[in-house]
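J.: Dock the two chains into a complex; use the hints.
As they're listed, the protein sequences go chains A and B.
Residue 199 in numbering that gives the first Met the number 0 is what sits at position 200 of the first sequence, and the numbering runs on without skipping anything.
Residue 377 in numbering that gives the first Met the number 0 is what sits at position 378 of the second sequence, and the numbering runs on without skipping anything.
No wet-lab data here; the hints were simulated from the structure.
Don't take every hint at face value.
[Said to hold, decoys possible] Facing chain B, according to a computed beta carbon distance under 7 angstroms, are these residues of chain A, among others: (1) Gly83; (2) Lys87; (3) Ala107; (4) Ser108; (5) Arg113; (6) Thr188; (7) Val192.
[Unchecked claim] Covered stretches of chain A (in silico footprint by chain B; criterion: 3 or more residues with CB under 8 angstroms from a CB of chain B, positions within the stretch not fixed): (8) 121-130; (9) 193-203.
Glycine included, every Cβ here is placed at the ideal spot set by N, Cα and C.
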Amino acid sequence: MNRHLISAADLSFADAVSILDTAEELARLAERPIPKLPTLRGRTVVNLFYEDSTRTRISFEAAAKRLSADVINFSAKGSSVAKGESLKDTALTLQAMGADAVVIRHNASGAPHRLAEWVKGSVVNAGDGTHEHPTQALLDAFTMRRRLGHLDGLNVTIVGDILHSRVARSNVWLLKTLNANVTLVAPPTLLPVAVGTWPCRVSYDLSSELKDSDVVMMLRVQHERMSEAYFPSVREYSRRYGLDSDRMALLPDHAIVMHPGPMNRGVEIAADVADSKRSTIVEQVANGVAVRMAVLYLLLGGGAAQ
Amino acid sequence: MSNWTIKGARVLGGEQADLYVTDGRFAPAAGPGSRVIDAGGLIALPGLVDLHAHLREPGREDAETVESGTAAAALGGYTVVHAMANTDPVADTAGVVEQVWRLGREAGRCDVQPVGAVTAGLKGTQLAELGAMAESAARVRIFSDDGQCVSDATLMRRALEYVKAFDGVIAQHAQEPRLTMGAQLNEGEMSARLGLAGWPAVAEEAIIARDCLLAAHVGAALHICHVSSAGSVEIIRWAKSKGWRVTAEVTPHHLLLTDELAAGYDPVYKVNPPLRTKRDVEALREALADGTIDCVATDHAPHPAEAKETEWSIAAFGMTGLETALRVVHEAMVTTGLLDWAQVADRMAVRPAAIGRLSGSHGRPLTAGELASLVLYDPAPVTAVDPSAHASRSRNTPFAGMKLPGQVIATFLRGTPTVLEGRLCR
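With the rest of the complex left out, here is chain B (with noise of 0.2 angstroms):
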């Protein structure tokens, strides 16, 4: 393991200083046959930590792997992602959360923290072994069906109760599903106008209101995934006001896009839960700016060409997001003057990493004696989004071709460049 000496970058956007690595901590000095990065004008962030990606494998390695996803993840400057559960087989057991866990750490490009199935083959009507997967060498914290929606109330509410057992969380993916039956774009103009069948931000909402009321009535942790209504701003933020113990997180691509882009019908442009308003987007903002919504998480969800190349309706629900979610809170929310640096550190690795149960080693201080996993960020350049550069074997972003500040330079996993110069080490 070398040593390094990170000169001129500055941490958390504040002032220039010099960071020193040393067996893979920070130290207060440079140690020996230190290689030295010039990081003037860079950005030093803890390593970023997603909550939630689709990292396909086992079962559709043709839109992703492991390998593939983690990949992407140190390129976009994470150094954990959350893999959920929805794969084939689903992460429903302790074998399958150990195996995605293992290969993960194979890869070794960034921690993959396995996300298991709340219920048995994301069915919805029995828990899966919750308590076999907390087990496991993977140690899962956060449980969710995520593609599907926990709509059971007696089985959400016994899912809720039964991780606490563990200091687990249920991340729900709120969606009511009678009210979505073949939905298709956010519920408005659009979906009028283009002749999709609407999709009601109501299905998001009554499930975030019954679920919070559920998690203070057993005294559990709820996850909220990928928030995308001002209404459900509204009610997690009433839930919080209360001291309930209720998180959030947003997608990069829902504090940036809208449902007016779906006007052309291009499925890239689909995705589950849908983009909505622009009083939406502006809601979802403020209340990452406010800390209402905890944290961003990409819902990197890749598919190959041939699940987009269709007609709008039958085309897969999802976008990628790991490669360019730094940069889309960038544009959406430093640019705009709405969040610092430090508090973008704060969303999208501090706080995230204590949701996920991971604050001992991940989202700490870029400080001596703290494991040194970082990312350096050069904030200046303004470049067209490349899918074709992108390490994730899909294309679905729907940020191609738009210009978007800033580059990840370099990540550092545990001490270990994981990209230097913007590139993949290895």
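For reference, chain A alone in the conformation it holds in the complex (with noise of 0.2 angstroms):
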């Protein structure tokens, strides 16, 4: 495995099962009684975010500190950062403090690839930009193997906007890696221009892909992109890219619901669908926990779990 996790497109097939595995190990620990282990004793982790992200930001506080790392929470707001302190800077600092290994989260694609120039632990991407979130594609990934007991040859169907969708781009390029069949679904003004490049399956009809669905991943769409015309009104996407009652009747019986979080109730997604059976919204969030322990785990400890 690399030093740092910054794109899901960097994982070999070994790589990505040997997190999974590993996250499936640590996530029976939290089942004990105290549920921590002494691995990562002595080691430093900095979350460093430039984004609001309070749930992503505690799972991997909670991941470092079952791990016994020391966590230091670094916020751009009332930091140095917010009177305009460089990356370069901030990352100069960190490793001066000995950091072993920095989560960042960024509102600009590639941070982590420049902040990983500046730093000599490991850099964690807690989504970029526009660009990955290489985390969330393998708590995904987890989470429809745990449920749906494999990986190879499910057909995953990604809804949303896949332009500005960094847990898209990131589900790509693992979902690839771990053989599994990706479509992915959007009017055309949210789909890059280049997506036929990718290593998936488009299509604008969301109706008539899920038949064949086993896993339907629905992103959360931004109100703002109405008002750059990407589409006409919040309801008409919902009328076209939305998951209600009515389509998820299509569905095969098998077939779980996803969304990476925070969900647009009504929007995106309907409220009865997000509280369903099939959705696995509430586990993704605890899978979100052992996944990230296991890439501290490998990044920092070495090794796959005993």
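T.: Here you go:
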């Protein structure tokens, strides 16, 4: 495995499976009376968050603490960053403090690549702009494997704002590596012009894709995309690309519904769908901690789980 | 002023011959007290002419000054550079263009020909005093809002028409602003994968097509800055086939580099217009070879280190180019057999001088009686580009560490050496 986790595209099949298998071991830990391992005792993990993302930050924090690492939360708001300190200077500061790993969330695509040039420790991408969010894809794959038993040959339909989605990018690359079949569904305006170069199918029609889907993953759609003319109205978007109970009924019985959160209930996903038995949304959050533990464990602890 | 005998230079890459410089001009025989330069194996070309450089003075002297920029130009073999107008204050009045012109004269290493802004403050709403700049001591003939597109069609039409009165030319930075809001990288496979906002080639091509039609309609001269896409080449080829007064330039970096270099998000590769694909590079090379694109212009755009040591999306656009241009053209065009050295002289000196209305003093033949502005270039060595050795104040070269052929050995401006043995004189 590489020193950093910046892009899901960098993971080999063996790397990805090793993370998922390790996460499986670590998930069992959560069932113990004291869900904590001493593995990363004395190691320092910095959560460097330039965007508000309480759920991802807490997930990484819980993961690091369950491995007994020291955790420093560095939020861009109320820090020297707000005074205009550059990413490079922040990186050099963290380096001087002896960070063994830096978990970075940033609104600029590629910020983790830049950071990796300036710190000696491991860099974990917790979401960069519209580029990637590899631990989200890993926890999604983990969730699919737990629910459906395998990933090989699985038909995964990802629906929504693909153009601006780091979750979609990471899922496309990771699921390709894990031999699942991905179909992207979106209005043409919310797909990259060059989406044809990606290892997946593309469709503009959600209903026609559902009967063959083992997994349907709904992405959050931002209201401001409407003012940028990506689609005419939220209602039209919801009618054409939202998952309501009528559409959900088209899915095979075993199929699951995923969402990386936070949801816009009533826009891309209807409330009854979000709360249905098919929905894995709450599990995804729980699985996120196990997967992030596995990532930190493998990057910092070395070796596969005992 | 010394007299010189340049022995055994290959004039325009041809047979070896001796050149004699007396009182600033080429002479048929050695002048009195003539100093001898052994130029065996060196190629002699007219002093290079750059239509497009950002010298940053006044306003951003931390990035470049006229002094440092002209030193870089001389080391690159240039004897005249056009200084773009996007300084602070903007070069949109006779006063500012005369200041820049005078700074160039004082530096003395290479002529500085200011480009005047098309619109006041580069704001795109009102014409700058184009006539006053044309009549100033700087004798401005090229007008450009470079960095900004003159996107208002009526304003562009008026500018094209207006400068006909003094044989001016409008140099357009072709970038449809609404199609490039927040754009970061050529829109295609790389931008899709990297999650960087796409910069479609059509944003350039749409403006070029519009402006060619406008230039034809009013019978005016249009120059297209830094052409970057295969589609732009097709439109320019079509406009030229109609006999319209359209000229175009391409940068060295667009002749050699592609958007795949952005994979590591190093903003040294961030430039406006963006690096595009291999197919575009091939089309640009072909167009420069067949004359559809008239000339090479550097778009030398120096920036201080902190403007590039950042996240990609907040980094400055631009690359330095004056000190590497000839070597890059050698690699992209000569090594590939697309141009011979006489054609390099045409694309880097003769034609840009004509577009800048400087044909009387630059881009001249290396024959007796002509002003002795020339460059001696050794095509043999292949060395890695070392930005720390550059005279530019800035280090943002995308060619750092890249092995490129050739070395500028000497540059003469009207008989006076500005560079000898590869080093600045003075």
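J.: When the structure is checked against the list of hints, which entries are broken? Sort them ascending.
T.: 1, 6
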